[in-house]
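**Q** With chain P held as given, fit chain W onto it using these hints.
2 protein chains.
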Amino acid sequence: MVGHSSDEEKDSKQAEIKSQASSQYSAQNEWQVHKVGVPPRQHLFKEFASTVKETFFADDPLRPFRDQPGSRKFVLGVQAIFPIFEWGRSYSLSKFKGDLIAGLTIASLCIPQDIGYAKLANLDPQYGLYSSFVPPLIYAFMGSSRDIAIGPVAVVSLLLGRLIQNEIDPTTNPHDYRRLAFTATFFAGVTQATLGFFRLGFLIDFLSHAAVVGFMAGAAITIALQQLKGFLGITKFTKKSDIVSVMRSVFQSAHHGWNWQTIVIGASFLGFLLVAKYIGKKNKKFFWVPAIAPLTSVILSTFFVYITHAEKEGVQIVNHIKKGINPPSVNEIYFTGDYLLKGVKIGIVAGMIALTEAIAIGRTFAAMKDYQLDGNKEMVAMGVMNIVGSMTSCYVATGSFSRSAVNYMAGCKTAVSNIVMSCVVFLTLEFITPLFKYTPNAILAAIIISAVIGLIDFEAAILIWKIDKFDFIACMGAFFGVIFVSVEIGLLIAVTISFAKILLQVTRPRTAILGKLPRTAVYRNILQYPEATKVPGILIVRVDSAIYFSNSNYIKERILRWLTDEEEQLKAAYMPRLQYLIVEMSPVTDIDTSGIHAFEELYRSLQKRDVQLVLANPGPVVIDKLHASNFANLIGEGKIFLTVSDAVSSCSPKLVEEA
Amino acid sequence: MVGHSSDEEKDSKQAEIKSQASSQYSAQNEWQVHKVGVPPRQHLFKEFASTVKETFFADDPLRPFRDQPGSRKFVLGVQAIFPIFEWGRSYSLSKFKGDLIAGLTIASLCIPQDIGYAKLANLDPQYGLYSSFVPPLIYAFMGSSRDIAIGPVAVVSLLLGRLIQNEIDPTTNPHDYRRLAFTATFFAGVTQATLGFFRLGFLIDFLSHAAVVGFMAGAAITIALQQLKGFLGITKFTKKSDIVSVMRSVFQSAHHGWNWQTIVIGASFLGFLLVAKYIGKKNKKFFWVPAIAPLTSVILSTFFVYITHAEKEGVQIVNHIKKGINPPSVNEIYFTGDYLLKGVKIGIVAGMIALTEAIAIGRTFAAMKDYQLDGNKEMVAMGVMNIVGSMTSCYVATGSFSRSAVNYMAGCKTAVSNIVMSCVVFLTLEFITPLFKYTPNAILAAIIISAVIGLIDFEAAILIWKIDKFDFIACMGAFFGVIFVSVEIGLLIAVTISFAKILLQVTRPRTAILGKLPRTAVYRNILQYPEATKVPGILIVRVDSAIYFSNSNYIKERILRWLTDEEEQLKAAYMPRLQYLIVEMSPVTDIDTSGIHAFEELYRSLQKRDVQLVLANPGPVVIDKLHASNFANLIGEGKIFLTVSDAVSSCSPKLVEEA
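Chains as they are written, first to last, in UniProt numbering: chain P, 1 to 659; chain W, 1 to 659.
Chain P on its own, in the form it takes in the complex (with noise of 0.2 Å):
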């Protein structure tokens, strides 16, 4: 025996000694001394303000101002919108040999990348070099991420060159299907800018991985589907997406439209760079061997076309990129008129779309270096950069899942590699674009089928079904609505399945049985450890979530029929009847007024039945709301408990009386 013990515990100890054949009521005795707490009272503003903090502002953004002197609060300020005056004033030659090798190893790779990516996104080529020069520059001096590497990037290519499509054709009518594209961009960098600037980034978690992983394997598979047109060398080719038109594209061109030359350039450079991306994945000393083969290929392949002219077999080529840096297009953009809104509504979803792929490589390097990330400024920056690049002839740019990767491994330290990078695709633009005419389109495909190989995740898919069923569906879902139906039904099925989960999981929560754990007083899932015994008499029953509206009739009901089924059990086996139901509430976080409304009901049924009603260690804001509620005195302040082995211990010796 050990521990202390008062007056005020005598007579439960009493009663605990005659009922409990356990060796474990000494310590339980002890327990007994703690009430369930109830917390202060908040003040009313104060509660409402800390819901607002811990929703909006989670991250506390403005905790490094406190206690600050003026002046160097407008220095802080100016920090925290360009985060390159904080880290800058720390910045070295060493950090800077870091940040060139990184920069020109993803120069080199963004930009055979870029051409082929304004292809897929009905524009020319120069629009992914413009949109690889002035977002990279912007978002250096206002990003926070040191690794990600900005530009177009596949998937919001072809999501924006899909949305655009359907309301301008691109080849009869393209400088109006550009403007569309340049005002969708600057929606997209006001939706960026707006959710950051109102710390909305939360909505974005609303995709769930999942369904994201399922989306960009679809997108890959698309993407490398539209290559076959430069691979194969197809004249005459589908405008739709999905699988079945462009195979039946494929296999109408076969007898008249494929061209062999074609085919043998892209076949021949497509095995070089996978098996460069092969040993690159093998030894990752060798990064760079995958990073420079795009630029390889192009630069052997260019100057192959231009010795055979090959051209003149039906090689199709790139012919001309415009020469010189981004024009403006300010003026471009539609301000005004009915192309408005489609842009505004096509710049919504390219903007999520690039922003959920952004803050994902943002977040994963991040982690992988142990630094911070600000979601709501890293979208403040896209958002900018994007505004900025609308106006100055850019598409929608973000972080790129390949050169993000490149970026890191060859040893970036900073955002400067972003400038490097920058200034490379400048130089392209303004001396090396002519020297790009000979460029065979089929080079362009197999780069770009080779990058987009990368977003097809199989581990991922793998782990998620392992982990879980129904997030696989989303998964699936996703995946076979991008490939089969079009890229904008895949995102819709990825954002309901995703929505339907959350809206599942709170209308239908889990509840579990008790029991005891054999010489202990932990009380436990009866499936999960087998070896836990049921108390006589006694239903422990645990709810594993908070008690809601959309979900309190459910558990009283589940409760309820768990009590049945255990009666009708115990009477088939002549068993003493139940007399107490002990409802463990410790995962229960929160209850609201259909909740209490719920608890009443179970009361009075219960009441009927002659069960008495026991409640475990609810929390601080349930037990609050007991007592505000009147709920605390309608079972009787004595029905709760700090723990299920107190509230058995106190329920055993009346079973024992009774029996």
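Please note: incorrect hints may appear among the correct ones.
One copy or any two copies: either way a pair holds, since identical chains are not told apart in the list.
Think about it this way: if two alpha-carbon atoms lie no more than 27 Å apart in a straight line, the pair counts; the simulated DSS-like pairs of lysine-lysine are [unchecked claim]:
(1) 534 to 571
(2) 469 to 46
(3) 534 to 369
Read the hints as simulated data drawn from the structure, not as lab findings.
As the structure is a prediction and not an experimental result, all values here were calculated from the model.
**A** Showing chain W alone in chain P's frame:
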């Protein structure tokens, strides 16, 4: 010292003796025996089936059919669809006595109400009576509630009137208006039956109690304001329902439009009705006083107008109610054309609101008398009754709050009281309607006002305020939306706020720092239990929610923030640094792939800070997924404990060694 001890425990016991100054260690030591249980892996199909079952068939509707011969199954099937064949077999004369009295009482209440409510829906008075004739009959055969009184209700009448009026003007085009009303009723029935048949009944749970309270109160005030027209004898009245338009209308007509005779009649009978209500409330024995007061008022006032010819003084009267029972209206329903879609839309909204009201009533009385109500079956019954109703000139009927309460107090035993009421309405339609000719509109207005006052539930609103401030915002939002804008907007606000609450709850779950309650092995929230003390070198965080994609990132960052805060405090106090982070997982009922990712990132961040991650008491689903995803191996199997107390006692010795 109590309990058993075995060889494998010796090591840990030794460690504990070193570290634990507490007298609890013997008990904790015993718990050490228990590993965290991993439930047996379920077969995929079984798992899926059980999810579907719990979502859609939570009430296990096929249970009685199990192990029954074919013929019995048929009988049970018929009884399931028509419960009257089940309870009808044990029906007795004594039950009929109760039902007869209750039926007569609610009939006397419903006749004047029906006439008034029909006007609220911009329909001729007989349509209200029609709707109290057919639907209650159908419900009596198919419904499972014993206390609900079926017929037209104020809120649905108002809603229907408002929504249809937006499409068709009832004064200039009454025939098309009526046709659209039947169309909406038909689709309201289809909606209800569909929800019930596909077991989607839980969808109506998404309208929170608080929102319903606010909406009902707002609707009651709107309805009462509408009655000012009849009550004051105004001839020119606004078509809008918001309080500003109505009050302007009232005061504009003050100097020429009010009719003092009307006001005198209306006011005196309203006084009579309110006194009757008060008497009924004071003494439950006199429940019949407010129940028959409306019919008494109608008879008295009609007689008074008839002998004084007050209608010639400008007192508006009902004038004409068509004699005879419901004419068929199947060919009035729009099954094609523009109005079809509008009818569907209005029907869905009206059907859902009608269901919400009926289910709430059904549940309330079922809980009072402790019988089970099958929500889905109720919906099918309501749906069929409205579909048949729409074909027999009825508009949307549902359960009425006021009449159901009277029904209950008058001692109804079964749905037979609805049949009795229906018969009385039948007789009224066949023989008595001409007598209503001289009934003054002011009386109907007074009856409606005194009826809807009961919908304003001050106590519920005060309780909501006390329990949950966010709920109160939803309640007030719906309330002010209805009275200041329109019924539709109020409803929209209610639904939106309800959903926002669910999403907020899922996105920003609570977390808590735990401390050890003195002289126990129990760890609780230090905010709720100020006497709980932190364990030096260890931070214990409890996550109060399932971890899903919508909150995984927030939870990860929140935990890291707790850690940073704690480390800063410790540094300031020159205390030893944190070496362990224990995450109490009891309330974490589920985790998805995003959640696992978040934990992996958390683990990596902690590694960088040289803090060990330890988990306590993950539930069956969670431990299963931790293993499936290999996360359990990543952090080490030995880092997962049954209880926080186990985890602490395993960490403490190592802390001591390092110190």
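**Q** First find the shortest C-alpha distance between residue 534 and residue 571 inside one copy, then the shortest across copies, and answer within, between, both or neither for a cut-off of 27 Å.
**A** within (16 Å within a copy, 47 Å between copies)
**Q** With identical chains, the pair residue 469 and residue 46 could be close in the same copy or across copies; at 27 Å between alpha carbons, which is it: within, between, both, or neither?
**A** between (42 Å within a copy, 12 Å between copies)
**Q** Checking residue 534 and residue 369: alpha-carbon separation at most 27 Å within a copy, between copies, both or neither?
**A** neither (49 Å within a copy, 30 Å between copies)
Comparing the model with each earlier hint shows a violation of hint 3 alone; every other hint is respected.
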